[in-house]
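Residues per chain are reported as follows:
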Amino acid sequence: MAAEAIPWSEEKAVFRTCPVTGLKVDLAAERLIIANAVAAVVFLLIGGIFALLLALTRWQVIHLLPPDWFYRILTAHGIDMLVAWIVFFEIAGLYFGGAVMLNARLVRPSLAWLAFALMIVGSVLINVIVLMGKADVMFTAYVPLKAHPVFYLGYILFAVGALLALGLFFATIVVAKAEKRYEGSLPLVVYGLVTAAIIAAYTLLSGALALVPAFFWSLGLLPNYDPGFYRNLFWSFGHPAQQINLAAMVAIWYALAAITTGATPLNEKLSRFAFILYILFINLGSAHHLLVDPGPGFAWKVTNTSYAMYLAVLGSMIHAFSVPAAMEVALRRQGYRRGLLEWLRKAPWREPGFSALVISIVIFGWIGGVTGVTIGTEQINMLAHNTLRVPGHFHATVVAGTTLAFMGLTYYLIPLIFRRELKLKRWATWQPYIFGLGMALVSIGFIAAGIQGVARRHWDITFAQAPFPATIPGTVHLALAVLGIGALIAVVGGAMFLIIVLVSVFTGKRQEARGLLLVVTPSSPPEPSTSAEEGEEGLRPKGTFVLVLAFLTFFAAYYLSNWWLLGRTWFVR
Amino acid sequence: MLAPPRIWWKPLDRLERSWLTIAFVWCIFLTAMMPIWFFLGRQNVPATTYRVSPEEYQQRVADFIEQYQVGTEKGVPVVAPPPGDVFLLARQWQWYPILQLKKGQTYRLHVSSIDIQHGFSIQPLNLNFMVLPGYDYVITLTPTQSGEFSLVCNEYCGIAHHLMVSKLIVTD
Numbered sequence: 001m002a003a004e005a006i007p008w009s010e011e012k013a014v015f016r017t018c019p020v021t022g023l024k025v026d027l028a029a030e031r032l033i034i035a036n037a038v039a040a041v042v043f044l045l046i047g048g049i050f051a052l053l054l055a056l057t058r059w060q061v062i063h064l065l066p067p068d069w070f071y072r073i074l075t076a077h078g079i080d081m082l083v084a085w086i087v088f089f090e091i092a093g094l095y096f097g098g099a100v101m102l103n104a105r106l107v108r109p110s111l112a113w114l115a116f117a118l119m120i121v122g123s124v125l126i127n128v129i130v131l132m133g134k135a136d137v138m139f140t141a142y143v144p145l146k147a148h149p150v151f152y153l154g155y156i157l158f159a160v161g162a163l164l165a166l167g168l169f170f171a172t173i174v175v176a177k178a179e180k181r182y183e184g185s186l187p188l189v190v191y192g193l194v195t196a197a198i199i200a201a202y203t204l205l206s207g208a209l210a211l212v213p214a215f216f217w218s219l220g221l222l223p224n225y226d227p228g229f230y231r232n233l234f235w236s237f238g239h240p241a242q243q244i245n246l247a248a249m250v251a252i253w254y255a256l257a258a259i260t261t262g263a264t265p266l267n268e269k270l271s272r273f274a275f276i277l278y279i280l281f282i283n284l285g286s287a288h289h290l291l292v293d294p295g296p297g298f299a300w301k302v303t304n305t306s307y308a309m310y311l312a313v314l315g316s317m318i319h320a321f322s323v324p325a326a327m328e329v330a331l332r333r334q335g336y337r338r339g340l341l342e343w344l345r346k347a348p349w350r351e352p353g354f355s356a357l358v359i360s361i362v363i364f365g366w367i368g369g370v371t372g373v374t375i376g377t378e379q380i381n382m383l384a385h386n387t388l389r390v391p392g393h394f395h396a397t398v399v400a401g402t403t404l405a406f407m408g409l410t411y412y413l414i415p416l417i418f419r420r421e422l423k424l425k426r427w428a429t430w431q432p433y434i435f436g437l438g439m440a441l442v443s444i445g446f447i448a449a450g451i452q453g454v455a456r457r458h459w460d461i462t463f464a465q466a467p468f469p470a471t472i473p474g475t476v477h478l479a480l481a482v483l484g485i486g487a488l489i490a491v492v493g494g495a496m497f498l499i500i501v502l503v504s505v506f507t508g509k510r511q512e513a514r515g516l517l518l519v520v521t522p523s524s525p526p527e528p529s530t531s532a533e534e535g536e537e538g539l540r541p542k543g544t545f546v547l548v549l550a551f552l553t554f555f556a557a558y559y560l561s562n563w564w565l566l567g568r569t570w571f572v573r
Numbered sequence: 574m575l576a577p578p579r580i581w582w583k584p585l586d587r588l589e590r591s592w593l594t595i596a597f598v599w600c601i602f603l604t605a606m607m608p609i610w611f612f613l614g615r616q617n618v619p620a621t622t623y624r625v626s627p628e629e630y631q632q633r634v635a636d637f638i639e640q641y642q643v644g645t646e647k648g649v650p651v652v653a654p655p656p657g658d659v660f661l662l663a664r665q666w667q668w669y670p671i672l673q674l675k676k677g678q679t680y681r682l683h684v685s686s687i688d689i690q691h692g693f694s695i696q697p698l699n700l701n702f703m704v705l706p707g708y709d710y711v712i713t714l715t716p717t718q719s720g721e722f723s724l725v726c727n728e729y730c731g732i733a734h735h736l737m738v739s740k741l742i743v744t745d
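Chains as they are written, first to last, in the numbering used here: chain A, 1 to 573; chain B, 574 to 745.
Think of the hints as simulated: they come from the structure by calculation, not from any bench.
Take these hints with a grain of salt, some might be off.
[To be verified] Far from chain B, by Cβ distances over 10 Å, these chain A residues were calculated:
1) L52
2) Q60
3) L64
4) L131
5) R338
6) K346
7) P348
8) L488
9) T507
[To be verified] If you want the footprint, here are the derived chain B segments under chain A, 3+ residues with CB under 8 Å:
10) 606–616
11) 727–734
All C-beta atoms in this analysis are idealised placements derived from N, C-alpha and C, irrespective of residue type, glycine included.
Let the hints inform the model, and build the full structure from the sequences given.
Dropping the structure here:
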């Protein structure tokens, strides 16, 4: 009865059945996933070229771009990477999770194409107006620094398109339930994607709240726009936008763990609870950007910057245990039970999805997470605000963490969704390592320079042409050289990814997928050894427990050393 | 990846429970550090802010310079005020005036912008604050070292952002 009551069920959907997973794939959803994923990869390519130009400018020995082009390209790089690449890929991921993984049809594909068109028009408008030199305002476009109205219009069109796509995703899940396409609870991966979509909905609404007035103000229709108020609204969009990535990335971590090691979540209750912590608390993170702003007081800043007692951080720390622990248990089941870490040594390190997952977790947590919590501490932020420690933090989270996880998943979409054979498999084995190494160096270079006070978004930190000299420590040059070299390595890794994807999609044999794994062939389980622990005890994730304790030790050391640094500076109140 | 079994609400494993407890205690510690430092630490984020229009602020800075100017360097007045209220103005692409402070004395340093947003950054000390037009931010500052420090703008403020640098002199 419920199914008939829903008018959309008139729509016709054509399905194929995936031979590997047995899932029914809605062909309209499949085409939209391909379109959004291709758009994402194109913006990754554009943003990646910009990244190379920027890194070669910050590397003082080369100092490639003139100042106007540095600021211009930096604006475009931020938007293409943080908004276009990420959100297009997330929309592809949402259609995959909402339709394909639930055996369901995507509701209203025509509206999904409209959403896609709006997002394309928006991001192209922004790129054109920025490259024309009419909007050298950075990703943040802080009022009253004014850009051409088309710049804000592009942002707004993109946000409207993305909101429409989110609505379709929610509707798809509701309709799937009503039409009984799946039974029981949502799979954890889809649950994580719903989390990302809920965060995305209020994030994009905040973006509209910030940017619609800015659009009218740029047209001269709104005389005044308070800069402090704009900052608050903008960061309700800017920071949560990266939390969408976080939730989507964690969902993909669970997916990659399942694909590459056959892992199943150890405790659905705990993992789902961690996602709920994200929904409830993570939007408070906007305050990270306002910690040294005039206006808000101590209580406001502390409540918000701590995500209300770091409960969203707790969510991440739960996932940081649950994902590797699920893999450990899966690998122990396969027979690798010796000692604490045999499972880790014998893991499928040549499988790109596995290495991408591990590197993503390690750099995201050890570099991105630790530095993020530290510089987001109210008082410590005085040492970090607007220095290179900030891009150091988010290149570890968004680029090494999210982007690498997305890259890892893309390899599996090629046989499953594009239905092409994956080419250049040896390259695919190496790619996550090269990209991960490069991005680790980039982040460390940024952070090392930032700790010494080097400003972000700055064309020439040597102040060669400035009226007053500014002496900078020589070690800054070393840090920036590490950044430059890391960027070159990461660009090689990024180019390898793009080449693998393009070669596979255009020249790969058209075929149905044969198995989930791409490189590694499922091996026969090892001989049960006499020293191996028996029974349930041998299956418990003890290795992961030791690894997370090591992580916490490193976290505490970095965090406390920053308080020590703060205690040595001038008295300020 | 696939749907969980019908009943997935099960108790936590011992290791899971331990990690959850440790992580939660750590989160409480992270939260507690900020109020603890607020009461015991000597480096806290200033919270005093006044509304001010750019014209008013410009006038206040002009009066302040007239009262305490001791010299000029590269066209920028150098000001040596007594402890108390001192004023600094940010604009594209200059800090105005140059301040000469005394080590160990406490100043109420007002900063505001008369055009767009700027970033107040003392280097190589590395103390950073935002400077917004319309907001008079009062930083109660006690230098504990003497010497010449650079004052850098670290919020992007247009094409000559990288030229916006000045100095802060602290005498013994």
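Here is what the structure says about each hint:
1. At the 10 Å boundary, the C-beta of L52 of chain A stays outside the reach of chain B, the nearest C-beta of that chain being 21 Å off.
2. Non-interface call for Q60 of chain A relative to chain B: holds, since the shortest CB-CB distance, roughly 12 Å, exceeds 10 Å.
3. At roughly 15 Å, the least C-beta separation between L64 of chain A and chain B is larger than 10 Å, which holds for a residue marked as non-interface.
4. Even its closest Cβ contact with chain B, about 16 Å, leaves L131 of chain A beyond 10 Å, as expected for a residue assigned away from the interface.
5. With 10 Å as the threshold on Cβ separation, the claim that R338 of chain A sits away from chain B holds: the shortest Cβ distance comes to roughly 18 Å.
6. With a closest Cβ-Cβ approach of about 21 Å to chain B, K346 of chain A is found to remain outside the 10 Å limit, as its non-interface label requires.
7. At the 10 Å boundary, the C-beta of P348 of chain A stays outside the reach of chain B, the nearest C-beta of that chain being 16 Å off.
8. Look at L488 of chain A: its CB is around 24 Å from the nearest CB on chain B, clear of 10 Å, so calling it non-interface holds up.
9. Against chain B, the non-interface label of T507 of chain A holds: every CB pair exceeds 10 Å, the least being about 29 Å.
10. Residues of the segment 606–616 of chain B with a Cβ under 8 Å from some Cβ of chain A number 8, which satisfies the need for three, so the listed coverage holds.
11. A stretch counts as covered by a chain when three or more of its residues have a beta carbon under 8 Å from one of that chain; for the segment 727–734 of chain B and chain A the count is 8, and the coverage holds.
The structure shown violates none of the earlier numbered hints.
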